[in-house]
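What follows is the residue order along each chain.
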Amino acid sequence: MKRLDGARFARLIVIAVGVWVVAAVVCTLGGSTGSFGQVSGSIARLRWTTHVLPASLIGASLAAAGVAYQAVLRNPLADPYLLGASSGAMLATYLWRMPLVAALPWVGGWSPHAFSLTGALLAVGAVMCVARRGGRIDPVTAVLAGVIVNALCGSAFMLLNAIYRDLPGSGGMMAFLAGDIQTSAATRDVWISGILCGGSLLALVPLAASLNVIRLSEDEAASLGIRVHRVRWIALGLASLMTAASVAISGPIGFVGLVCPHIGRWFVGNDNRRLLIVSMALGASLLALADLLERVLLDRLGTLVPVGVITSLIGAPFFLLLLLRGRR
Amino acid sequence: MSAILSASAVSVALSGREALTGVGLDLTPGRMTVLIGPNGSGKTTLLRALLGHVPAAGDILWLGRPLSEWSSRELGRLVAYLPQTPTFEPGDRVLDVLRLGRMPHGGWLGLDHAADDAIIDTVAADLSLRDLLDRRVETLSGGQRQRVFLGRALAQQPKAVLLDEPATYLDLRHQVDLYTLLGQQTRTRGLAVLMASHDVNLSLVHADEAIILKAGRVVAQGEVDRVMTEATLSNTFDVPIRRVRDGERAIFVI
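Sequence order for the protein chains is U and Z. In terms of the working numbering, the first sequence opens at residue 1 and continues consecutively. In terms of the working numbering, the second sequence opens at residue 1001 and continues consecutively.
Read the hints as simulated data drawn from the structure, not as lab findings. One should not assume that every hint holds.
Derived CB-CB ranges, DEER-like [as the list claims (entries may be wrong)]:
no., chain 1, residue 1, chain 2, residue 2, range
1, U, S217, Z, R1226, 58 to 64 angstroms
2, U, S155, Z, E1069, 49 to 55 angstroms
3, U, L144, Z, S1234, 43 to 49 angstroms
Calculated cross-link-like contacts (lysine to aspartate or glutamate; reagent style EDC-like; alpha-carbon spacing at most 16 angstroms) [said to hold, decoys possible]:
no., chain 1, residue 1, chain 2, residue 2
4, U, K2, Z, E1074
5, U, K2, Z, D1134
6, U, K2, Z, D1199
Which chain Z residues face chain U? A few, computed with CB under 8 angstroms, are given here [said to hold, decoys possible]:
no., residue
7, Y1081
8, D1096
9, W1108
10, L1109
11, G1110
12, D1117
C-beta: ideal position from N, C-alpha, C; glycine also.
Construct the complete structure from the given sequences, taking the supplied hints into account.
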């Protein structure tokens, strides 16, 4: 791989943005009946703001979080939900529907998305606290703590669902479990999530070079001039923040955060400086296209196939194909 | 010549146990110092303490400045470290590994510069790595891999290199090749080298000075010929070791 100087980095960003723009235009002008371009300006604007832009931002965030998690946790199977963000959000969203919680003086007035964001952050925060030893963060302990927090939140969610079957406005637990770009979210909530995702994405870019080094042993990374634990804290913090903000709006959309970094490696190798940019473009494009497919399927089948189901159905076989090619 | 590293009374306690007690040493440019001692004698702990990777008591001065006053990046430009088992990710190519050595010199985005390519090319030429640059690290032999990781260390353009038993997993020929290469690079680049080693014979041939450690304490230190004696090594390793002459050279036999 040639050196990544300023000119090549700028070119990579232009190509990545170009790929996403093509996908975004297709998704904005593409109709659910398979037509293209036959939309009024107001419909196109509505699609752009309620579907294409949120889906792109969430896809880019999940893919970037996947890159960060895989580097920091030194685990190629790490995905953005490994440290409890999705299960925390899921549990909190369900709690919001409970009359007892809704009656609470302060948090009772919160939107479901604020609950979801708080739940995701609390779950990841609990994992970080467990994995923290004297200011350091241990990747193995973090993964184990994530498994435990995910199991706890998942069990509590199932228990609540078993007890309170007819919560008002629940829409069934599958509505949240599958993951979808929720057009019902309040504009303020979408903006908050958007700012958190966008800000974290931008802050992660200068860290990408350090992510190349923290894959090594701690002593090696430190001797290459990296403050290992500081990079781990910041990278996990940013990745968790954008995952939490994404889950709050969309629920746990599967496979984007796991598969996009691996597809990206296919194109640009292990260099996280390149991989982060490429994965963002792939995640943004994939989720925007999956959202378009959801609208097409809704029109054809008359039933909603959540975007999380679509990404998993596309992502799983594709990932399997990559694994089989890699083995050869 | 002024010392790159001056350390005195370095002590380290690990889990309440004294792992290192009152060690002092100087490293000067163009000279290779070996750390000799049995397993658990404190060789790795000393290397890590000198880099600040484990908390240590005593004075550790790099270029006359206390270790605590060096930032990570500054220290990364001054001293390189090669652990016993360097790590890499499957799929990493030799050039990727060499590029990591430029990390302490990078800007805020960590992008590469044309000067980096020139430095990496020189290192690759010196270590005979030019034909391997596009190879995946996992496809290389143990000897080739160690050359690659030594290349990463040299790409840092350090004044000092600390190595932890770099020849452990190598066969006899590759051990000789690695020590010879290290000796050459020490002299041509004017490096101050400190290397933990189990091989007393190769150390005797290639090193300038030796520090003999046992149970965290210095048993002897100084010029290799003077320090590496039958009595010292026999006492350190608790086995009878004889020093015999083979023509011009001295070798140790058990």
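Against the structure, the hints:
no.	hint	verdict
1	S217/U with R1226/Z: 58 to 64 angstroms	violated (36 angstroms)
2	S155/U with E1069/Z: 49 to 55 angstroms	holds (51 angstroms)
3	L144/U with S1234/Z: 43 to 49 angstroms	holds (47 angstroms)
4	K2/U with E1074/Z	violated (26 angstroms)
5	K2/U with D1134/Z	holds (10 angstroms)
6	K2/U with D1199/Z	violated (39 angstroms)
7	Y1081	holds (4 angstroms)
8	D1096	holds (7 angstroms)
9	W1108	holds (5 angstroms)
10	L1109	holds (6 angstroms)
11	G1110	holds (2 angstroms)
12	D1117	holds (6 angstroms)
In this structure, the earlier hints numbered 1, 4, 6 are contradicted, and the remaining ones agree with it.
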